[in-house]
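Can you build the whole structure from these sequences, using the hints too?
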Amino acid sequence: NAGVTQTPKFRVLKTGQSMTLLCAQDMNHEYMYWYRQDPGMGLRLIHYSVGEGTTAKGEVPDGYNVSRLKKQNFLLGLESAAPSQTSVYFCASSLNHYQETQYFGPGTRLLVL
Amino acid sequence: LAKTTQPISMDSYEGQEVNITCSHNNIATNDYITWYQQFPSQGPRFIIQGYKTKVTNEVASLFIPADRKSSTLSLPRVSLSDTAVYYCLVGEKAAGNKLTFGGGTRVLVKP
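Chains as they are written, first to last, in this note's numbering: chain A, 1 to 113; chain B, 1 to 111.
To be clear, the hints were calculated from the coordinates, so they are not data collected in a lab.
Just so it is clear, the structure is predicted and the values come from calculations on it, not from any experiment.
C-beta: ideal position from N, C-alpha, C; glycine also.
You may find that some hints are simply not true.
Pairs of lysine to aspartate or glutamate residues, derived as EDC-like cross-links and limited to a Cα-Cα distance of at most 20 Å, are as follows [what the hints assert, rightly or not]:
| id | chain 1 | residue 1 | chain 2 | residue 2 |
| --- | --- | --- | --- | --- |
| 1 | B | Lys54 | A | Glu100 |
| 2 | B | Lys93 | A | Glu59 |
| 3 | B | Lys110 | B | Glu92 |
| 4 | A | Lys70 | A | Asp38 |
| 5 | B | Lys93 | A | Glu30 |
| 6 | A | Lys57 | B | Asp67 |
| 7 | B | Lys98 | A | Glu59 |
| 8 | A | Lys14 | A | Asp62 |
Simulated restraints on C-beta separations [as the list claims (entries may be wrong)]:
| id | chain 1 | residue 1 | chain 2 | residue 2 | range |
| --- | --- | --- | --- | --- | --- |
| 9 | A | Lys14 | B | Met10 | 38 to 46 Å |
| 10 | A | Glu79 | B | Asp67 | 41 to 49 Å |
| 11 | B | Asn25 | A | Gln72 | 33 to 41 Å |
| 12 | A | Ser18 | B | Thr5 | 47 to 55 Å |
| 13 | A | Gln72 | B | Ile8 | 15 to 23 Å |
| 14 | A | Asp26 | B | Phe39 | 20 to 28 Å |
| 15 | B | Ser23 | A | Glu59 | 13 to 21 Å |
Put into C-alpha cells, the structure is as follows:
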C-alpha cells in the first residue's frame with residue numbers, strides 16, 4: 001500500500017516547454033487534488049477532482065490543465081511553462097471532500113528557467 | 001469567504017506545551033478546521049480535525065471557541081521531532097467546498 005505517489009520527483013524545464021505531472025493513489029479515494037507550495041505562501045489549490053472523469057478549478061488554475069481518466073490517477077499538465085510556475089507541487093487524495101483527511105504525496109519540485 | 005491567518009513562527013523547548021492559533025473569520029457552523037504537519041521535503045500529514053468545542057487524539061488537541069473565529073492546536077510536551085511547519089485548513093461548504101490553507105507556522109523545538 002504505497003498511498004499517494006508522484007512522478008517525477010524533480011524536473012527542470014525551459015520557458016515554453018510542456019510537461020505532465022503524474023499522481024497515483026491506491027486507496028480507492030474519490031477525491032484528488034493538486035496544490036502548489038511557494039515559500040511563505042502555504043499551499044494553494046490548483047485543480048481538484050471529485051471522481052473519475054471530473055475536474056474543477058481551485059484557487060490558482062491559470063496555466064494548468066488536469067485530467068482524471070482513471071480513478072487512481074490525476075494528471076497535472078503545463079502546456080507552456082513559465083518561470084512563475086517554479087514551485088513544489090503536491091498531490092493529495094481523500095475519501096470524501098472538505099471534511100475528510102487528505103493524504104499527500106511526497107511532492108514534485110519544478111524549476112522553470 | 002474565510003481568510004486563514006497563523007503566526008509565522010514560534011520557538012519552544014522540549015517538554016513544553018505548544019499552542020498555535022489560526023484565525024478564520026466568517027466560517028459556517030458546520031465548516032471543519034483541520035491541522036497538518038509538514039517536515040522538510042515531505043508532503044503535509046494529518047494531525048487533527050474538528051468543527052466545534054474540543055477534539056483530542058493521541059498527539060494533539062484542537063480547541064474551537066463558540067464564536068468559531070479562531071481555533072488553537074495544542075501539542076502537549078513537545079520533543080525535538082515535533083520541529084516542523086504546521087498548517088490549518090478550513091473547508092467551507094457554503095463557498096462551494098472551498099479549501100483554504102493558512103500560511104503555516106514554523107515551530108522550532110529546542111533542547
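State the violated hints by number, sorted upward, taking the hints as numbered earlier in the document.
As far as the earlier hints go, 3, 4, 6, 12 and 13 are violated by this structure, in ascending order.
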